[in-house]
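Asker: The task is simple: from the sequences and hints, build the whole structure.
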Amino acid sequence: MSPDDRRYTREHEWAKLDNADSRLVSVGITAFAQDELGDIVYFDLPNAGDSVSYMVKMGEVESVKAVSDLFSPVTGQIEAVNDELVDHPELVNDDPFESGWIMKVVLADLAELETLMSASEYDEYIGSN
Amino acid sequence: MLATLGLTSIDQLFHDIPDEFRNPPLDLPEPLSELEIQRELAGLASKNRALGSGPSFLGAGSYHHFIPSIVKALMTRGEFLTAYTPYQPEVSQGTLQVIYEFQTLISSLFGMEVANAGMYDGATSLAEGVLMACRITRRDRVAVSDTVSPIYLQVIRTYCQAQGVRIEVVRHWEPEVGDDTACLVVQHPNFFGGIEELGEFAELAHGHGALLVVSADPLACGMLNPPGHYSADIVTAEGQPLGIPASYGGPYVGLFTCKEQYIRQMPSRLVGRTVDTQGRTGYVLTLQTREQHIRRERATSNICTNEALYALAATIYLAAMGRQGLKQVAELCYHKAHFAAAEIEALSGYSIPFKRGPFFQEFVVQCPAPPSEINRRLMERNILGGLDISVPPYSDPLPAELDKGMLLCVTEMNSKDDIDALVSGLAEFANA
Amino acid sequence: MLKGGSRDTGKLLMERSVPGRMGVVTPLLDVPLQPMPDASLLRDDLSLPEVSEPEVVQYFTALSQLNFSIDTQFYPLGSCTMKYNPKINDEMAFLPGFAAIHPLQPEEQSQGALELLYRLQEFLGEITGMAGVSLATLAGAHGELAGVLMMRAYHHAQGDTGRTKMAIPDSAHGTNPASAAMAGFDVVSLASDKDGNVDLEALHELAGPDLAGVMITLPSTLGLFDQNIVEVCRIVHEAGGLVYGDGANMNALLGRTKLGDLGFDVIHLNLHKTFSTPHGGGGPGAGPVCCAPILAPYLAAPVVAAGGSNGNGSVGTYSLSSPEQSIGKMSGYHGNFGVLVRAYTYIRTLGDAGIKSISGNAVLNANYLLQALKDIYYLPYDRTCMHEVVLSADWQRARGVSGLDVAKRLLDYGFHAPTMYFPLIVHEALMIEPTEAENRDTLDAFIQALRDINQESFDDPDFVHHAPHTTPVSRLDEAGAARHPDLRWRPEA
Chain H
1 MSPDDRRYTR
11 EHEWAKLDNA
21 DSRLVSVGIT
31 AFAQDELGDI
41 VYFDLPNAGD
51 SVSYMVKMGE
61 VESVKAVSDL
71 FSPVTGQIEA
81 VNDELVDHPE
91 LVNDDPFESG
101 WIMKVVLADL
111 AELETLMSAS
121 EYDEYIGSN
Chain E
130 MLATLGLTSI
140 DQLFHDIPDE
150 FRNPPLDLPE
160 PLSELEIQRE
170 LAGLASKNRA
180 LGSGPSFLGA
190 GSYHHFIPSI
200 VKALMTRGEF
210 LTAYTPYQPE
220 VSQGTLQVIY
230 EFQTLISSLF
240 GMEVANAGMY
250 DGATSLAEGV
260 LMACRITRRD
270 RVAVSDTVSP
280 IYLQVIRTYC
290 QAQGVRIEVV
300 RHWEPEVGDD
310 TACLVVQHPN
320 FFGGIEELGE
330 FAELAHGHGA
340 LLVVSADPLA
350 CGMLNPPGHY
360 SADIVTAEGQ
370 PLGIPASYGG
380 PYVGLFTCKE
390 QYIRQMPSRL
400 VGRTVDTQGR
410 TGYVLTLQTR
420 EQHIRRERAT
430 SNICTNEALY
440 ALAATIYLAA
450 MGRQGLKQVA
460 ELCYHKAHFA
470 AAEIEALSGY
480 SIPFKRGPFF
490 QEFVVQCPAP
500 PSEINRRLME
510 RNILGGLDIS
520 VPPYSDPLPA
530 ELDKGMLLCV
540 TEMNSKDDID
550 ALVSGLAEFA
560 NA
Chain S
562 MLKGGSRDTG
572 KLLMERSVPG
582 RMGVVTPLLD
592 VPLQPMPDAS
602 LLRDDLSLPE
612 VSEPEVVQYF
622 TALSQLNFSI
632 DTQFYPLGSC
642 TMKYNPKIND
652 EMAFLPGFAA
662 IHPLQPEEQS
672 QGALELLYRL
682 QEFLGEITGM
692 AGVSLATLAG
702 AHGELAGVLM
712 MRAYHHAQGD
722 TGRTKMAIPD
732 SAHGTNPASA
742 AMAGFDVVSL
752 ASDKDGNVDL
762 EALHELAGPD
772 LAGVMITLPS
782 TLGLFDQNIV
792 EVCRIVHEAG
802 GLVYGDGANM
812 NALLGRTKLG
822 DLGFDVIHLN
832 LHKTFSTPHG
842 GGGPGAGPVC
852 CAPILAPYLA
862 APVVAAGGSN
872 GNGSVGTYSL
882 SSPEQSIGKM
892 SGYHGNFGVL
902 VRAYTYIRTL
912 GDAGIKSISG
922 NAVLNANYLL
932 QALKDIYYLP
942 YDRTCMHEVV
952 LSADWQRARG
962 VSGLDVAKRL
972 LDYGFHAPTM
982 YFPLIVHEAL
992 MIEPTEAENR
1002 DTLDAFIQAL
1012 RDINQESFDD
1022 PDFVHHAPHT
1032 TPVSRLDEAG
1042 AARHPDLRWR
1052 PEA
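Residue numbers (the numbering used here), protein chains in the order written: chain H, 1 to 129; chain E, 130 to 561; chain S, 562 to 1054.
Calculated directly from the structure, the hints in this document are not laboratory data. Hints may contain errors.
Stated by the list, open to error - Here are a few chain S residues that sit away from chain E, every Cβ distance over 12 Å (derived from the structure):
no. : residue
1   : Gly566
2   : Glu766
3   : Gln788
4   : Ala800
5   : Pro858
6   : Phe898
7   : Asp1013
8   : Phe1019
Claimed, not checked - Below are the EDC-like pairs computed for lysine to aspartate or glutamate, each with C-alpha atoms no more than 20 Å apart in a straight line:
no. : chain 1 : residue 1 : chain 2 : residue 2
9   : H       : Lys16     : H       : Glu114
10  : S       : Lys819    : E       : Asp145
11  : S       : Lys917    : S       : Asp822
12  : E       : Lys456    : S       : Asp822
Even for Gly, the Cβ is constructed at its ideal location relative to N, Cα and C.
Answerer: This is how it looks when you write it as structure tokens:
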């Protein structure tokens, strides 16, 4: 069961509202995604200050023998990127929903979150795949 | 075996090939036995003049150096020779550990942080270095010094023709580098033998946010400061001088090194050290996501098969020569070349145009007669002369007054008698 | 087998180094010492090992024994054609008249080499049914790059600069899309149909004025001869495109058909696979390019011309030349000559019938394996295969044993693993290429091992999952190696 305190995309990213006043969300990939990828060895990520857009490629994640694109689940400006992932990309394998967060984004429009899947919708989506 | 498949002829296995295209006539000569092919090939080989059959002074990128006998003895062991690329690390530790040793020794030789497992040859290695610099800087203008091998320049042009990269040949004494230049490309020592001011080039390139890409002679780095000493960003080389026969131009091995921060843009294989499930040290191919079999059209290069056997040869060579041996060989080349240059310069009619700068084992001589004619006469004495650089593409960057240039190379393989024979052969044309 | 002292491979060269030791004695200087260059140009930091000659021999020999190799193990690595390469071929390449000649020495002094290269061009042209041959490319992928650059040059010469797309089947080697990208093309994926052939409907959709061509591997990486191949070539040609042939799998077709006759415009051969150069742990290879007449002017330089044939040189002499609209030089000199000597020797000792027997036995061996294993390993395409058979470990996977596990367990049985997880369109793929050089005893022993491993997948899947158990090292931490790359020895801080 995916945590129900956040929203999800079909590309297996999550976005969680940290602070409604400042429209700040955390972004990461789901437990299902990290399991499919296997041991994660490297992230190629944008920088704080960069803009990201909904479902536009924002970076790459590498396992030993695969490279996958990362798509931003939201539109906005990056506030911070998780520096821990540089030396410890395996954090995303170990704890994808908490310490394995990837970046924090200030949303352009708070309402965008509502367009993403809920936890139960996402669980149904991966169950049917 | 056919019976187990319910077939009566092997031809039935090929039924998917359309009839009209199956079993076409094939016109090949009658097969030879091993004895006969040895004879035929010995005959063809005897029509070639071998480097060891008389004094030889030809270099220009492929060099006649001493090869210790253990190099061939070890590299032709079946366990090295008939293994594939080490994709199954549990049964390829021999090859993998050799490559790790190779990466260690090559990066150390050039004073660089990391080396890959090798490229095809010196020319393609440099071309890939140029493409890598363009990817890193996201720029598409490349400045190539006019003292870089004209052969390498041609290969750079071939590799870059479909990439939208502009190649500009720049004067080595005043290279033009701009804020849109991806890299400055120089050779060390340069094609004409001279030792370049790498420190100034590095400062110039870095001042414009460009990279310094150097093609170096690995053997010269036995005595000269390596490019890494001058903050070069990417250093490539022809590995042939390190225990590999001239073999009419191949197989050789391209050497490729860079600063560690750029490893994810490197082409070709890399081997890393790790541990197995029981904590024992072992080696694996690593950072493979850069490569074509994973990243496909977005790979850092299309290279797959490289020259692993000759990376092994170079590793054995460097292990056998060691720190002192390599320095001694480099110094032998240096002293013999300078001795020969002085002797030739003393002949009337000959001059050494670039003598003001230091050189390593090669130097240009302006001759009193066309170099091709001199070379013909030298060959009558069974002496292989230098490269005739009075013709394109070698003459392209040369000043007009240097119209009868010969590029001579003297290595540890040339005895004083060889050099004396060369000088007396050249003397025939003196005062002509 | 444990080894002690200097034969213990646990110590690297730099860890063996003893100051003052040398493996080679260099001669004394026989000319007067010359003035040295400015000291600021000289290095004092050269860090290379100092070890004796016996220790170098012991160390490298011990290392070699950690490898599986064709000479020591059956090596059915699909797509790699790991066959026996006659030793005479190596010996010929080492003749001083071949190994010790300089690439830039005057052509009068290399006539034997040029004659050999000229004849090899003729042989390869005959075998492939192609008019033009350049031997200058140094590996399969290098040949691919030259070939697709030739396609680009051809289209541009027709003023046809809008052909930006290269269609490549989803089963292709990664080198195909990587080479096409280096030649500036946009890669589009071409689907395979249910029989493993190119999907003609998908091809029709791509065959437009922006299609530069397609890159086809024949037989495909599924080990299958594409039954639509003539039609594929026709559709592409009708749309104004060209057909590239990846010759990686030529071992299956030698003497059985000519790619030129089928409609291919340009191909490369992997001489090191098909024409006998040992793989050397990852090279050297040679990837000559053969092409139809319309593409011959664009071949990579140099090619070898026979005197008198095109106006230059006298009859009986050979020279290097550059095709008039050549894409340029692809490497420093004239190709991997040592590999070319081996290929020449190989072809010369085989003749017509010998060439044909290679493909015949290679395909027979692969079908023998297919027949003996398809009841216990899933066969995704149940057709006569060519030189290799692609099975799947899907049935074993259901019992907790993956294709990787099966492959690793084979190492314990003394067999090299097949290629795994390739082609990408087959789940749990095990791609097995026995080659022509293995006898029935070996094939039967290999079949028995795969049957035993299948039984183990019922009895003790966990044991298989942790294989190999008998190799010098067990499974290695590849994730750790990639996360924290340790790419060279460094002195302890």
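Asker: Decide, hint by hint, whether the structure agrees.
Answerer: We went through each hint and held it up to the structure:
Every CB of chain E lies more than 12 Å from the CB of Gly566(S), the least distance being 17 Å, so the non-interface label holds. Every CB of chain E is more than 12 Å from the CB of Glu766(S) (nearest about 20 Å), matching its label as outside the interface. Against the 12 Å criterion, Gln788(S) falls within the reach of chain E, whose nearest CB is about 5 Å from its own CB. Even its closest Cβ contact with chain E, about 21 Å, leaves Ala800(S) beyond 12 Å, as expected for a residue assigned away from the interface.
For Pro858(S), the non-interface assignment is confirmed: its Cβ lies about 16 Å from the closest Cβ of chain E, beyond the 12 Å cut-off. With a closest Cβ-Cβ approach of about 4 Å to chain E, Phe898(S) is found to fall inside the 12 Å limit, against its non-interface label. No beta-carbon of chain E comes within 12 Å of the beta-carbon of Asp1013(S); the shortest separation is about 19 Å. Once the 12 Å rule is applied to beta carbons, Phe1019(S) is consistent with being away from chain E; the minimum gap is 24 Å.
Distance restraint check for Lys16(H) and Glu114(H): the Cα-Cα separation of roughly 11 Å lies within the 20 Å cut-off, and the hinted pair is therefore satisfied. With a C-alpha separation of about 14 Å, the suggested pairing of Lys819(S) with Asp145(E) holds against the 20 Å cut-off. Only pairs whose Cα atoms come within 20 Å are accepted, and Lys917(S) paired with Asp822(S) is accepted, the gap being roughly 17 Å. Simply put, Lys456(E) and Asp822(S) have alpha-carbon atoms about 57 Å apart, too far for the 20 Å limit, and the pair is violated.
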